[in-house]
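Undergrad: So you can see what is in the structure, the chains are spelled out below.
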Amino acid sequence: MTYLAKPKLHHPDLPKNALGLTRRDYEGTISTLCAGCGHDSISAAIIQACWELAVQPHRVAKLSGIGCSSKTPTYFLDKSHGFNSVHGRMPSVLTGANLANRELLYLGVSGDGDSASIGLGQFAHSMRRGVNMTYIVENNGVYGLTKGQFSATADRGSKSKRGAVNTDEGIDLACLAMQLGASYVARSFSGDKHQLVPLIKGALTHPGAAFIDVVSPCVAFNNHEGSTRSYDYVRHHNEAVNSLDVITMHKEITAEYPPGSLQEVRQHDGSVLRLRKLADDYDSSSRIAAMSYVQSHYARGEIVTGLLYVEPDAIDLHEHLGTTMRPLNELGDKELCPGSAALAQFNASLR
Amino acid sequence: MKTLQATNDFVIKFANVNGSGSASANTLFAKSIARMGVPVSPRNIFPSNIQGLPTWYEVRVCEAGWNARRGGADLMVAMNPQTWEKDVAEVTPGGYLFYDSTRPMPAGKFRDDILVIGMPLTEICNATYTDPRQRQLFKNIIYVGALAALLGIELAEVEKLIGEQYKGKEKLLEPNVKALRMGHEYALAKLPCPLGLQVQRADKVGDKVFLEGNNAAALGAVFGGATVCAWYPITPSSSMAEAFAKHCRKYRMDKETGKNNFAIVQAEDELASIGMVIGAAWNGARAFTCTSGPGISLMSEFIGLAYFAEIPATLVNVQRAGPSTGMPTRTQQSDVLLCAFASHGDTKHPILFPQDAKEAFEFTADALDIADRLQTPVFVLTDLDIGMNERLCDPLTWDDARTYDRGKVLTKEQLDAGARFGRYLDVDDDGITYRTYPGTHPSRGSFFTRGTSRDRYARYTEEGTAYVDNMQRLLRKFETAKHFMPKPVVRPAAKPSRYGAIYYGSTAPAMEEALALFEADGIHLDALRVRAFPFQDAVIDFVNDHDHVFVVEQNRDGQLRTLLVTEGALDPARLGAVLHYDGTPITARFIHGDIAKRLSALQVTPLRRTVAGGASGE
Ligand SMILES: Cc1ncc(C[n+]2csc(CCOP(=O)(O)OP(=O)(O)O)c2C)c(N)n1
Ligand code: SF4
Ligand SMILES: [Mg+2]
Numbered sequence: 001m002t003y004l005a006k007p008k009l010h011h012p013d014l015p016k017n018a019l020g021l022t023r024r025d026y027e028g029t030i031s032t033l034c035a036g037c038g039h040d041s042i043s044a045a046i047i048q049a050c051w052e053l054a055v056q057p058h059r060v061a062k063l064s065g066i067g068c069s070s071k072t073p074t075y076f077l078d079k080s081h082g083f084n085s086v087h088g089r090m091p092s093v094l095t096g097a098n099l100a101n102r103e104l105l106y107l108g109v110s111g112d113g114d115s116a117s118i119g120l121g122q123f124a125h126s127m128r129r130g131v132n133m134t135y136i137v138e139n140n141g142v143y144g145l146t147k148g149q150f151s152a153t154a155d156r157g158s159k160s161k162r163g164a165v166n167t168d169e170g171i172d173l174a175c176l177a178m179q180l181g182a183s184y185v186a187r188s189f190s191g192d193k194h195q196l197v198p199l200i201k202g203a204l205t206h207p208g209a210a211f212i213d214v215v216s217p218c219v220a221f222n223n224h225e226g227s228t229r230s231y232d233y234v235r236h237h238n239e240a241v242n243s244l245d246v247i248t249m250h251k252e253i254t255a256e257y258p259p260g261s262l263q264e265v266r267q268h269d270g271s272v273l274r275l276r277k278l279a280d281d282y283d284s285s286s287r288i289a290a291m292s293y294v295q296s297h298y299a300r301g302e303i304v305t306g307l308l309y310v311e312p313d314a315i316d317l318h319e320h321l322g323t324t325m326r327p328l329n330e331l332g333d334k335e336l337c338p339g340s341a342a343l344a345q346f347n348a349s350l351r
Numbered sequence: 001m002k003t004l005q006a007t008n009d010f011v012i013k014f015a016n017v018n019g020s021g022s023a024s025a026n027t028l029f030a031k032s033i034a035r036m037g038v039p040v041s042p043r044n045i046f047p048s049n050i051q052g053l054p055t056w057y058e059v060r061v062c063e064a065g066w067n068a069r070r071g072g073a074d075l076m077v078a079m080n081p082q083t084w085e086k087d088v089a090e091v092t093p094g095g096y097l098f099y100d101s102t103r104p105m106p107a108g109k110f111r112d113d114i115l116v117i118g119m120p121l122t123e124i125c126n127a128t129y130t131d132p133r134q135r136q137l138f139k140n141i142i143y144v145g146a147l148a149a150l151l152g153i154e155l156a157e158v159e160k161l162i163g164e165q166y167k168g169k170e171k172l173l174e175p176n177v178k179a180l181r182m183g184h185e186y187a188l189a190k191l192p193c194p195l196g197l198q199v200q201r202a203d204k205v206g207d208k209v210f211l212e213g214n215n216a217a218a219l220g221a222v223f224g225g226a227t228v229c230a231w232y233p234i235t236p237s238s239s240m241a242e243a244f245a246k247h248c249r250k251y252r253m254d255k256e257t258g259k260n261n262f263a264i265v266q267a268e269d270e271l272a273s274i275g276m277v278i279g280a281a282w283n284g285a286r287a288f289t290c291t292s293g294p295g296i297s298l299m300s301e302f303i304g305l306a307y308f309a310e311i312p313a314t315l316v317n318v319q320r321a322g323p324s325t326g327m328p329t330r331t332q333q334s335d336v337l338l339c340a341f342a343s344h345g346d347t348k349h350p351i352l353f354p355q356d357a358k359e360a361f362e363f364t365a366d367a368l369d370i371a372d373r374l375q376t377p378v379f380v381l382t383d384l385d386i387g388m389n390e391r392l393c394d395p396l397t398w399d400d401a402r403t404y405d406r407g408k409v410l411t412k413e414q415l416d417a418g419a420r421f422g423r424y425l426d427v428d429d430d431g432i433t434y435r436t437y438p439g440t441h442p443s444r445g446s447f448f449t450r451g452t453s454r455d456r457y458a459r460y461t462e463e464g465t466a467y468v469d470n471m472q473r474l475l476r477k478f479e480t481a482k483h484f485m486p487k488p489v490v491r492p493a494a495k496p497s498r499y500g501a502i503y504y505g506s507t508a509p510a511m512e513e514a515l516a517l518f519e520a521d522g523i524h525l526d527a528l529r530v531r532a533f534p535f536q537d538a539v540i541d542f543v544n545d546h547d548h549v550f551v552v553e554q555n556r557d558g559q560l561r562t563l564l565v566t567e568g569a570l571d572p573a574r575l576g577a578v579l580h581y582d583g584t585p586i587t588a589r590f591i592h593g594d595i596a597k598r599l600s601a602l603q604v605t606p607l608r609r610t611v612a613g614g615a616s617g618e
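In order, the protein sequence lines correspond to chains A and B.
For the first sequence, the working numbering gives the first residue as 1, with consecutive numbering after it.
For the second sequence, the working numbering gives the first residue as 1, with consecutive numbering after it.
These are calculated hints, taken from the structure and not from any lab test.
This list has only true hints and no planted wrong ones.
For each label pair, taking beta carbons as the anchor points, the in silico distance ranges come out as:
1. L321(A) with K171(B): 32 to 38 Å
2. Q472(B) with E335(A): 36 to 42 Å
3. E335(A) with S297(B): 33 to 39 Å
4. L570(B) with I30(A): 48 to 54 Å
5. G20(A) with Y457(B): 24 to 30 Å
6. A18(A) with G407(B): 35 to 41 Å
7. S292(A) with G418(B): 57 to 63 Å
8. R300(A) with S297(B): 42 to 48 Å
In silico contact screen, one side only, chain A against chain B (beta carbon under 8 Å); selected entries:
9. K79
10. H81
11. G82
12. G96
13. L99
14. T323
15. T324
16. N329
17. E335
18. L336
19. L343
Cβ coordinates follow ideal geometry from the N, Cα and C atoms, glycine included.
Modelling step: build the complete structure from the supplied sequences, incorporating the hints.
TA: Set out below in structure tokens:
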């Protein structure tokens, strides 16, 4: 099947963002995923976040691995270059792309099988390196595309559709990301657009490795009784610790909040992450406190969501490497080739 | 006893303990001979087995200029007690053994058909130096001084080299020169100078440079415009990435900002290295990785993606002896088929086969152009013998008028001007299609890159016809590749011959020497050096123009021969496999012996009779 292009009839009244673009300008082709799949809601949230931020669509590079989740980059931002790479290896491709041009926004989309099973190594190392990116895992606890086998994030004790019980410990990618040095770590639920959209916006504006674990139910294989990734289960166990508002430079600050419950985090690019606490004892500025909170609540069967950790002064891979500010892919012969005179000197040193 | 007598034509082998500082002393020794105008070719032999940490350094002194390994050792400098027995046994009858006689050796430990030269090196050092590290380091320089006296190497040349090495570090210079002279004086006074083996000033080196393949390839990557390097350490390729870093620090720092016009990442494994290379190249940077066989095995899935999605990538494979971990510090040419067909499904990849450091430089720079031009992974296949040994070769050259060939990339201006863009649309009929870099244009030229089948406009499809159309175009592109690859080098024999030999890569020096031996025998053998895959017509024609062609290579299965047979649809009976694969570099003696034997067999029953049905052998 070739892809289905969406009809692009623009309604004249559709709201426009700072670039004069409507939400439709951020869409992709029609999704071929199962109706009700959580992944489609995440695509919608990505579209909404990019539109609200007035990101130039063609300045985004969207990359993914293999899986239902990894298919989704075709369903948003069709003005962006996309790259559906190989299973579990999106992080390395994204890292290389980022090295080549530090000026684009990098959006990596992956699944729990893609990132926690086959690709755990690449996931970990891209976090360690502090690649400036937004990395979203659409976490359904199973391999959707290969028909419902448990993935490595499936909780111990959770039941498959056929009744098998998972006996392996589940990997919490958000905790892992915090431990490995990601500088923006969040968790959300595909069914909670109000929470998810700002979290994606925050990640896109964050100048370092930003990771979002989005619980995203698979209606075909993991939405039954006994699953810990079903819509029902997540709704009943979701424990949001804060709510986020992302204020970009060109947006006025309007909302009013009761004093004391607010925390503002100013990022390199001038954007402000305005966090409203929902859990009094939650501290998103401490990696260790965050990890401990998330884990102790997990032990009680709760899924902690929200902006779990943020480090405003993040340093990215380019800063570590001391790369020039100009995109490497713009450098030409003049900057790159030492030329024959240098070569003559080199020869002379070898005699 | 009759001792060996030879001038400017002998092999000296150093048996050392790794980490004892012998490497720089041995290089100094070899270079000083080159400074006297006498060609030398040194080789490092360093087993992966670390017990006793043995390393050997074999120097062939050869006025005729043959760079291949000769085999045998006419003078053994035995500095490692752990390998003593093996080292002593290896000396050519009538040859020489130089050793540290501080601790007396029982008579049974020597041979009576060689001349044994003992020098109490440790004793001399202990008497002169108190610091243990100095005792060790200067011991090496002292033996270089002694060998200079024994072999007739001009001390002034050695001193000049030391002077250059420690320029600006005068504190180190003086004691080194002192140690050198100490050894020299001792030998003149107490050892049987001169030996039968002598170095005599000649003029056979000219402006040649002494260069290691990995270092050269790394510089080729700098000159060729690589900005991204991702790699994972593996012998014998690691020194290429390290040299790239060194060259970049020298040539690629922005003068004003001090920032780097390059990015090097030591990845977590080879999957990640090739992934980064592909990501960077997809995004318009020139990128490469360097590795060895096991790394290519790991990279295979990604190589197929880059082939099918058509993304440039340059891979330098410094081959070692496989399969598996094999003999990781020994040389082989056994990844030819692996690289030619890496990954699942129908894939084929261009390969360049440099013969030495100079070509390693040139071909690595070329490969970056070719990869961009063809939008596909391109391999540069060297090996440990080329990569990790300094060899005399012609000075490197670069044409300043040369510009990078970035291939078919549409710019914003071209897109604005209405250029028709189909990512996999073959508008020029050469199999190569146009691409765009991400971020180029707000509304035109974006496309989705994927490893799944797609139509000419990069839209996902499982239509058989679209798939076949695309696979056929990839074949056309592979045909086009031949124009961009280095051409084979033909060396006709003095007289027309029915016999030919094909060789490539690090086999070249031994083959050239073997050809000279055949010429001296009056045996005529045409030769062709393959420098690239896919094979140009000239390669296939060469086989067709001869009754029998020997394919000389360093692997068990005759991998290039297999490739010739399948790609050229050639009769395997006409291609003889001359194979050397014990991990040591191939020698002229071996090639000459093996081919001579087969030639005489062929001449008894000329092959043409069986193949062509009746033509008589003359
Ligand atoms: C090397 C390799 N092994 C196996 C597969 C088959 N495969 C495709 S997708 C997938 C799992 C995807 O799971 P996940 O990342 O969780 O994505 P989901 O479909 O659940 O969104 C597997 C095992 C493959 N494509 N490549
Ligand atoms: S199988 Fe599951 S993950 Fe895949 S599209 Fe259907 S619901 Fe979504
Ligand atoms: Mg999944």
